[in-house]
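> Chains A and B are the protein sequences, given in the same order.
In my numbering, each residue carries its 1-based index in the first sequence increased by 368.
In my numbering, each residue carries its 1-based index in the second sequence increased by 636.
Don't read these hints as lab results, they were simulated from the structure.
Take the hints with a grain of salt, since some may be wrong.
[As the list claims (entries may be wrong)] Under 10 Å between C-beta atoms, here's a sample of chain B residues computed to sit facing chain A:
1) L653
2) P740
3) Y764
4) A769
5) K772
6) G789
7) A812
[Claimed, not checked] Here are some chain B residues the structure puts well away from chain A; computed CB gaps all over 10 Å:
8) M637
9) I654
10) N675
11) K697
12) E704
13) I707
14) D724
15) S732
16) G733
17) N752
18) V777
19) A779
20) K787
21) R799
Note that CB positions come from ideal geometry on N, CA and C, so glycine has one too.
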Amino acid sequence: MRNVAIIGTGHTKFGVRTDVNLQELAWEAIKQALEEANLDQKDIQYFVVGNVGSWSAEELPAVVVGEYSDLTPKGTMRVEAACSTGSAAIRDAYLAIKSGEADIALVVGVEQMHQAPNPQVVELIGRAGGYFWEFENFGLTFPGYYALHASAYMAKYGAKEEDLGKIAIKSHHYGARNPYAQFQKEITMDEYLKSKPVAYPLKLLDSSPITDGAAAVVLASEEVAKKITDSPVWIVSQGVASGTANLSKRTDFTHIEAAYLAAQQAYSKAGINFEGAWRFFDVAEVHDCFTIAEIMAYEDLGFAKRGEGYLLAREEQTYIGGKIPVNVDGGLKAKGHPIGATGISMAVSITRQLLYRAPKGTQVDVKHGMGISHNVGGTGHYAYVTIFSTRRPS
Amino acid sequence: MTINDVREKLQQQISQLILSLDQVVQMYGMPIIQDKNGNPLWIDVREMTLRYQIPIKKVQKFFEGLKEGKILATKCNKCGTIYFPPQDDCPKCKISGLEWVEMPDEGELVAYTVINVKPPSFSHYQDYIVGIARMKNGINVTAWVNSKEVKVGMKVKLRITKREPENYLIYELVPA
């Protein structure tokens, strides 16, 4: 199997993007990624479009994005894996190149959630679990799913509201320094504590926003990558797992089993020990659709022991200069969470970090040349953990 | 209040929006408005109201059980797995036609939340508590918790109730 590298990245401003339609938004990211890779559409052999949709009007997003971006008639598909759609889209192109089916592939994640009114978006995301037994009769919302985890986690380990607040404050701290972020404003603990309840114990400032945005990467085989760039960022490994649609079928609500399994797979392929895994990475992007999700991610990735993830937040060990910098682009919380683009946005952030191209005030020290993304779809309905490195995998 | 009353309430809000859209078309000649950022938006004039039909034949007994005052799960006689929500296929043993067993009514709350920001289709309810309880047989149930006080670890009972205002049978958790 061949090595696969990222050779170009593209990222739009996240937020309310009613100045463009879905395909125009995707093109912004695609254009940037093509320019970075110094390639034209004719060089792209295959492209994958990550889009969850249903809030936006286009029923066949891969087709309209292909048409608008002049990628037609190259082979394509639309990928959906809830909030980990972007990582799933990367997986498809990664496997195509790894297997020798393609040498150069483009992956774009795009979501325009503001095409539908906010209440309808709340309705649509709520329907994303086990529909009949959770939504139809009990009206679980998306924050509600994670709130169930938060209540179980807080009861078992004694984490406090303020510990969740620490995550939100860190995200906004870095979001304020990221020109692509939806919220470029710091928040205080007092503002956090006073923010509106959404699904107890989660508040508005625990929650990632409804977002429009796109991100893209160009992937290439080792042979091609070496001809095109001096600074490829390699995809070392990827782990993937799934969880039940019905939350009630889970045995534990204090962690995300699928994410833990995906991490185990990615680490095993990369030769990384789960215990103390944080020592290998300069930067991590974890799925913080809600603050509690970031705390569980610390534990599911082996950055902290079970039940101690909130202490990492409390001790501010995930800022730049701490044990491991996490979500220093603002995370989903402040950067925004355009569902289909999120996983690709994570890959773009890590690539730019490893190449010392992060925005001022968010650049980490690159000592190991390695980064990791943790992208959860639903509440662990899907999970993707991807490891990136500036060093060529052996 | 019937299902139709609930719908009419929602439809009234939609009709208000359509009236203003009509005015926009009259004034501007096209269904184009400006959003708060000053960006022009075309407002879709094709509306789709969608209500799904979900086949329940294979678990019909569950719904008959509710009418008889029982909350049923299925059980595979071969491997002993209990399924709730019920399903008639055991994918482990690849057999169908599972046995129907009653769920125990005692359990303990393992997680809960209070839904404050509600989807439009639940907007006619007060804020509601959704909990997951681990029942005596080790199987979890997700349902509304009908209680003023709620906390992880509290003992709960599973019982059948009438969902108002739509007036249909469903199960809920109450303090034991």
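> Take the hints in turn and mark each one as holding or not.
Cross-check of the supplied hints:
{"no.": "1", "hint": "L653", "result": "9 Å, holds"}
{"no.": "2", "hint": "P740", "result": "15 Å, violated"}
{"no.": "3", "hint": "Y764", "result": "7 Å, holds"}
{"no.": "4", "hint": "A769", "result": "9 Å, holds"}
{"no.": "5", "hint": "K772", "result": "15 Å, violated"}
{"no.": "6", "hint": "G789", "result": "7 Å, holds"}
{"no.": "7", "hint": "A812", "result": "18 Å, violated"}
{"no.": "8", "hint": "M637", "result": "16 Å, holds"}
{"no.": "9", "hint": "I654", "result": "13 Å, holds"}
{"no.": "10", "hint": "N675", "result": "4 Å, violated"}
{"no.": "11", "hint": "K697", "result": "16 Å, holds"}
{"no.": "12", "hint": "E704", "result": "19 Å, holds"}
{"no.": "13", "hint": "I707", "result": "12 Å, holds"}
{"no.": "14", "hint": "D724", "result": "15 Å, holds"}
{"no.": "15", "hint": "S732", "result": "19 Å, holds"}
{"no.": "16", "hint": "G733", "result": "21 Å, holds"}
{"no.": "17", "hint": "N752", "result": "5 Å, violated"}
{"no.": "18", "hint": "V777", "result": "6 Å, violated"}
{"no.": "19", "hint": "A779", "result": "6 Å, violated"}
{"no.": "20", "hint": "K787", "result": "8 Å, violated"}
{"no.": "21", "hint": "R799", "result": "7 Å, violated"}
When held up to the earlier numbered hints, the structure conflicts with 2, 5, 7, 10, 17, 18, 19, 20 and 21 and fits the remainder.
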